[in-house]
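Asks: Sequence:
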Amino acid sequence: MASQSRHPNQNEKDLYRRHADFCKVIAHPTRLQIIDILQNGELAVTDLATKLQVAVGNLSQHLNLMKQRRVLESRKAGNSVIYRLANPKMIKACCLIREILFEQMERDTALLRKMDRSRAFEKRP
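So the sequence shown is numbered by our numbering: it starts at 71 and just counts up by one.
Derived by calculation from the structure, the hints in this document are not laboratory data.
Any given hint might turn out to be false.
As the list claims (entries may be wrong) - Lysine-lysine pairs mimicking DSS-like chemistry, simulated, CA-CA at most 27 Å apart:
1) K121 to K146
2) K121 to K162
3) K159 to K146
4) K94 to K159
5) K83 to K94
6) K94 to K137
7) K162 to K137
8) K159 to K83
9) K159 to K137
10) K121 to K159
11) K137 to K83
12) K162 to K94
13) K121 to K94
14) K121 to K137
15) K162 to K83
Required output: the full structure, derived from the provided sequences and hints.
Replies: Structure, rendered in structure tokens:
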């Protein structure tokens, strides 16, 4: 990331824009599930639809967007279209974000428990 003491140059601005665009593409639960499923290897559209329990038409919209933004790649195999992750580093990025969110959830849960204990203590005669 660019230093905060200077203004980003045009290349850095372009990178920030691309970063934001990538985040927009994956900012949908179904698309995150697609990435999660495809970390184990490529799959046909019909197999993905079955695993996700969504209609192929709905899934195709997500897959097309992800392919346009170079999150996914595809190939034809007979009558099937097979999808795979364009770059396996995406798995690391998504896992890191998921880990951060899990830690936040744990802290929130701990805080709620502490508040519940505090309320229970206040209700004692």
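Asks: Go through the numbered hints given earlier and state which of them the structure violates, listing their numbers in rising order.
Replies: none
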